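Student: In case you want the letters, here they are:
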Amino acid sequence: MLTLTDVKVYYGAIAAVKGVSLEVHDRELVALIGANGAGKTTTLRTISGIYRPRSGSIVHDGADLTTMPSHEIVARGISQAPEGRQIFGSLTVRENLMLGATRRTDKSGIDEDLEDVFGLFPVLKERLGQAGGTLSGGEQQMLAIGRALMARPKLLLLDEPSLGLAPLMVGRIFDVVRRLKERGVTILLVEQNARKALEVADRAYVMETGHIALSGPAAELARNPEVERAYLGR
Amino acid sequence: MSFAELGQQFVNALSLGSIYALVAVGLTMVFGILRLINFAHGEVVMLGGFTAYFLGKAGMPFWLIAIAAVLVTTVVGVLMERIAYRPIRGAPDVSLLLTSLGVSIALQNGAMLAFGNQPKPFPTPAALAGQNQLPGGLQISTANVVTILTALVLMVLLTWFVRGTATGTQMRATAENAMAARLMGISINTVIVAAFVVGSALAGVAALLYGARVGRVQYDMGFIPILKAFVATVIGGFGSIPGAVLGAYILGFGEIFLISFLPDALTKYRDAFVFIGLIVILLLRPQGILGSTEPEKI
Chain L
1 MLTLTDVKVY YGAIAAVKGV SLEVHDRELV ALIGANGAGK TTTLRTISGI
51 YRPRSGSIVH DGADLTTMPS HEIVARGISQ APEGRQIFGS LTVRENLMLG
101 ATRRTDKSGI DEDLEDVFGL FPVLKERLGQ AGGTLSGGEQ QMLAIGRALM
151 ARPKLLLLDE PSLGLAPLMV GRIFDVVRRL KERGVTILLV EQNARKALEV
201 ADRAYVMETG HIALSGPAAE LARNPEVERA YLGR
Chain F
1 MSFAELGQQF VNALSLGSIY ALVAVGLTMV FGILRLINFA HGEVVMLGGF
51 TAYFLGKAGM PFWLIAIAAV LVTTVVGVLM ERIAYRPIRG APDVSLLLTS
101 LGVSIALQNG AMLAFGNQPK PFPTPAALAG QNQLPGGLQI STANVVTILT
151 ALVLMVLLTW FVRGTATGTQ MRATAENAMA ARLMGISINT VIVAAFVVGS
201 ALAGVAALLY GARVGRVQYD MGFIPILKAF VATVIGGFGS IPGAVLGAYI
251 LGFGEIFLIS FLPDALTKYR DAFVFIGLIV ILLLRPQGIL GSTEPEKI
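Those sequence lines, one after another, are chains L and F.
FYI, our numbering numbers position 32 of the first sequence as 32, with every residue one higher than the one before it.
FYI, our numbering numbers position 32 of the second sequence as 32, with every residue one higher than the one before it.
Hints in this document: simulated from the structure, not taken from any laboratory.
Fair warning: there could be bad hints in the mix.
Now the stretches of chain L that chain F is said to cover, found in silico as 3 or more residues with beta-carbon under 8 angstroms [claimed, not checked]:
(1) 46-54
(2) 75-85
(3) 95-109
(4) 191-202
Quick partial rundown of chain F residues pointing at chain L, CB under 8 angstroms, derived from the structure [unchecked claim]:
(5) Asp93
(6) Ala173
(7) Ile186
No experiment lies behind these values; they were computed from the predicted model shown.
Where a beta carbon is used, it is the ideal one built from N, C-alpha and C, also for glycine.
Given only the sequences and the hints, what does the whole structure look like? Please build it.
Tutor: In structure tokens form, the structure reads like this:
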């Protein structure tokens with residue numbers, strides 16, 4: 001279980017996250033939705049140890065992540081497919097995938113998971129020797145998710161997996177998210193596409209300018225008039 | 001110019017380029033990961049030279065001197081990172097640049113105080129001092145042959161390290177996108193230390209070959225190699241290892257053949273011609289020959 005308690009993150013003097021508390025239980029899919037600049041990506045990157053909270057705490061399965069170096073956080077089983085995909089464009093698809101398993105030493109498990117990623121995204125198998133930068137946007141997103149899965153995560157952080165993708169590709173990415181959830185992968189999903197996110201999530205938090213404005217079961221939030229007006233455009 | 005002379009100059013240029021390449025690799029590796037132009041890399045070469053001088057004076061065999069010099073430069077490089085560069089990680093590029101200049105000046109002056117400002121003889125082993133007569137009147141020094149072959153072997157090993165090992169792959173990943181590398185669980189410190197280890201060990205080898213070439217050791221002997229390595233790296237594209245090596249050989253050939261072809265009255269301006277060549281290359285390809293054009297972050 002992941003627990004954030006009153007986490008505040010600053011860029012210099014500017015507060016990007018102004019006291020966020022949230023929980024992700026095991027085998028749960030939790031969505032974090034909200035407008036651009038609300039602090040969703042900052043929250044996710046702080047969980048991964050890229051940014052440091054100025055105050056508050058982040059605890060995962062009893063371990064304090066608040067000051068843990070990013071590579072130890074990954075070693076604990078928390079991996080992330082970051083916003084904008086962040087593929088290593090000059091490295092091959094295989095190298096990208098294998099980097100996802102950087103903290104692992106179980107050779108046979110890594111091979112199994114590689115096959116598993118090919119099962120989810122068959123196109124990656126065809127592109128193995130190709131440079132990551134030559135892939136299409138949708139393929140890069142698949143690679144980003146596959147790469148994060150190569151860590152065999154206990155907690156998977158997905159940051160805007162549908163951003164900039166054609167509607168057909170958005171559907172395919174969400175299908176995979178749904179499949180991962182059915183398998184019991186714990187997921188914290190950040191999305192601007194609130195409608196899609198609330199469809200797949202168990203629970204959700206709505207972020208506004210660095211705060212959690214609303215939270216609850218995803219189905220309830222989807223019917224909430226405020227959420228409908230602000231994020232679902234109905 | 002006769003055929004024999006041409007051949008000799010060709011070998012000479014390859015040898016000079018090899019030394020520049022060994023220095024340039026460390027410069028470009030560290031830049032690729034830290035965006036730091038480590039001017040103090042030249043002082044790593046200098047300290048390798050002094051290690052050789054002192055151990056030679058103590059009567060050690062050259063193979064032992066060589067191992068010790070490479071060990072010393074490697075330790076110096078790692079300490080430099082730990083003491084000078086790690087505390088200012090993430091600082092603006094200008095601060096990094098000024099720090100590396102500061103480290104360079106401090107080490108040069110420290111060496112001058114400790115070892116004096118007079119040149120000391122480099123303990124070139126007799127085996128390296130010979131000349132080899134080849135058919136066609138070609139005369140090639142053993143030092144040049146050893147320099148070229150050493151560089152060749154090390155470049156093959158380096159390619160294997162960067163392309164074929166986990167640490168090498170992590171290094172390339174970090175150079176391309178440090179944040180994504182951290183999200184993969186790559187320890188940035190480990191990668192940076194690895195870059196300093198590899199770069200400084202190669203600088204140690206360069207110190208031995210350069211020492212044997214110029215025959216002496218002095219507190220400021222790192223200046224010329226680092227300047228040339230810097231130019232080579234700019235020509236090849238900063239951050240690219242193959243680029244730095246290519247740039248080093250272009251520079252080696254440029255220099256040697258300028259000396260050969262320029263009228264005697266102009267040879268003392270050869271560095272000016274080299275820099276004119278550099279300006280022309282940069283006008284045509286501002287990112288260097290093998291440099292990548294990264295989109296500007298807005």
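Student: Please list, smallest to largest, the hint numbers that this structure does not respect.
Tutor: 4 and 5
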